[in-house]
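With chain C fixed as given, assemble chains Z and P onto it according to the hints.
Listed below, chain by chain, are the residues.
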Amino acid sequence: MEKLADYGIKPLAGAKKPSGGKWNVMEKLFLGLTLDQYIGQVVRNKFNWLLAAIMAVGIPFIIYRFLFGLGAVTHASNDYPWGLFLGFGLFCMVPLSASGFMLGTACEIFGRHDFEPIERLALLNGLLGYFFAVIYLLVDLGQPWRLAYPMVYAWGPAAVLFLVGWHVAVYLSVQVAEVSTSFFEWIGWPRGKEFIRKGTIGLTVSGIILSTLHQGALGALFTYAPGKVHPLWYSAEFQWILFFTSSIFGGLCMVIAVSTIVIKTMAWRCDDRFKETLDDLTIKLAKGASMALITYLVIKIIAVAHDNEWVYLATGWGAWYLFEILSGVIAPMILLAYGIHHRLVWLVRIGAFMAVVFGIVLNRLNTALIAFNWKLYQEVPHVAEAIIAVTIFVIYIATYRFILNRLPILYAWKAQPDAVPAAVAVSASPEREQGTPARA
Amino acid sequence: MFGVSNWHMKGLLLLLLTLLLPMGVYAMDAPESVTIDTIAKYYEPVEFDHAMHMDVAEDCSVCHHHTTGTGATNPYCSKCHSENRESATVACQGCHSADPFSAESIRRQGELNLFHDDLIGLKGAYHENCLGCHRQMDGPTGCEDCHAKTDAGERLYHSGKYAPEPSTHSAAEHE
Amino acid sequence: MSKVSRRKFLAGSLAGGVAAMLAPVKKVLASGDFRGFPDGMGVLVDLTRCVGCRSCEAACNKEQGLPAPDLPFDDDSVFDETFHHGTQKRRTTEKAYTVVNRYEPKDSDQPVYRKVQCNHCNEPACLTSCFVKAYTKTNEGAVIYDEHVCVGCRTCMVACPHNIPAYAYSKVIDPVVKKCIFCYDTRVSKGRPPACVEICPAEALTFGKRKDLLRLARARIKSSPEKYQQEIYGEHTVGGSAWMYIAGVPFEELGFDTTLPNEPIINNVKGFLGMVPMVLAIWPALFTGFHLLATKNKDHDHHDDSHTGEGEK
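Residue numbers (our numbering), protein chains in the order written: chain C, 1 to 440; chain Z, 441 to 615; chain P, 616 to 928.
Source of the hints: derived by calculation from the structure; they are not laboratory data. We treat Cβ as the ideally placed atom computed from N, Cα and C, and that holds for glycine. Only true hints are included.
Now the stretches of chain Z that chain P is said to cover, found in silico as 3 or more residues with beta-carbon under 8 Å:
| hint | segment |
| --- | --- |
| 1 | 532-545 |
| 2 | 548-558 |
| 3 | 568-577 |
The following block holds chain C by itself, in its conformation from the complex:
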């Protein structure tokens, strides 16, 4: 895309062509490029080849799983009912998708409209994270075609998972509605957008309720297994609070991480407002995340103190636990604080990545897999299980990019072309021509 931009070709960013006519859906899908241009830029991008290669290997494994059952591709066993699909796919993707309700709340409820340039990215991050958590779930369920049973056929309302199921389902619809405004802009149906806009507050508040409950519920799921999860990762009283508070910094740091990747790799798609405000917004998001991190750390310590688990800290498990806390909570907290104070956006970003990888992913894997059955034995996931987990994540990335490339998430949709399109075109071309040799 950058190469095309060098030739003065701008990606589609509004409803109408510079000539005045409306883009049709097909043209919108091809970003306003000709077919040759579109395919050309897809093929030129080496990242696309990497994604395609992983999918080419992984999708047959997914098919294999549905043909030959879970036993053929996982080490899920009677002792380890849950493997990577849930341990990573559900328990990590959901907290990292808390961004939707966090920024929705900030913008719509607290009136922090300064967050608006990044609000849609956060909403989309939320929607896709949940959607793919459900995909992971579908791959993991023994009978995925019965996914709707707890909704319509067999209610077990006293179960925590019932709550998770319902809330994720409802919240997914809420997020679809929230993200649909950009889709309606893109497809060119303003009335749909207006309809959703009228319900924004309702949608956002229900988003907070549903998120509070099911983020916590994912933690509460492990309170069913007091003898199985290692005491350092288990707390009957605080498990749900720990999962909830960690989802707050998880969601915020995920937005920082995603926006970092976006600005580094997809700058052509970001409009000036996004580019100009991002550093400022990153610092603001980091402030929120560091509040959540310190809260989380305090509750973590309280949880250890409450059950008097200090003695475990001296064991091998304790060392592993301390590693998780240091790398996933304390180090990010220091990096964020220092970065905020000295306005070092790159430092904040490193901290955010650490919080995502060690604070959320490692913590959830520890709780669900590594420190699970600590009294029995440790299970190593099947290779095919890891391949499928990675493949689904790659499909997630591809979908994410596909949507970011098209819908007005990173840029503002223009109902009309720029005020003086001819002037822009004229003025733009010489600049580009001057710029090209310099860059080459």
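Quick look at chains Z and P alone, frame taken from chain C:
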């Protein structure tokens, strides 16, 4: 027969009994051998050599508790059963039910006034009693040391001619 | 109304105030916990009696129509099998709802055998964790499972403190949870003992009403204190279970998890479940209030429009 509850005659009778009963039991009632076939569905009947076991055990109460009138060896039982009176029924199945979990037996379990509310069933009584001594005295302890499986038994245990192919089971250490 | 348990009450709270409709549960609520149905049946496993003949495994296999075993049921080489680098003994699987393991405790000259199967808890963790309510605790004490609603999430397996439910991972079309059902369909519902109890040659298994069995167990311990440990495993463990054990050596030497709480597993989850109606009730007003406070004197209609650019006016 002896246990007629004529309490006035008690003193006199006791005197007679202590003299006569031990000999009488040995001489009159004890069978030479007993056929045990309570689990004949899966195992061939056992010809129990009663005479031989009488010689080995020496004291009837080792197996028959207090019922043969020789007094109970277990001090717990002898609290009640100290009198040397032969019971109306001496055979194992007289007390130990072949169907220990019938509705009636389960009702008995809940009978608070009943002392023998935890009465082991016939099959359990045999095995508990036999195995205890057999272990101590190096008697046979394997199932088929005493009773061979019937065809139905082999089918149930997937053994003998119903045994699974050995190839399906490889090593003792699994991952 | 004996069937209205605390679980149902919790269900009501979750549904958002439906609890008000369950007026007759007052008595149950007042007691605060559920100790099993009054006439619930159970089995007392006397490990001092078990001879390790594995007849119970054979009888279970036949009664439940399970696949043929890898080795004959009278082959005691299975007692030497270990799993996961020697750390694990045999456990229940989708092909074996009960297994007997051999232990060699240090204070015992004889090996001790322990039968493993579903303990049929009074307040089963599997039941309370199931989001399609596939499990039922029957009046007879059995914990049974409806495979026609099972989605295959396997939370029950995570929840079971005794590691009992097994999953048919090899199945593609209809993988379901497999576990001992107390021979409910064929026997216990008709007042007959389960197949394993009936076949047990040493009567290590005693079938009866749970409350009677508890009394019998205490009497056995009292009459032979030198023979038995004082505890009855399953009397209180995770809220008590229909199946209970007495043994001659400490339970932890026989592979029992003696660190399990005496409270039912669901009690761990109650803190969270109790919070749910609060969030449902309080959050909407709270956050709408925040919204009104935060956006007071501000132009409500302005927000987000800026995002779409000036073009839309």
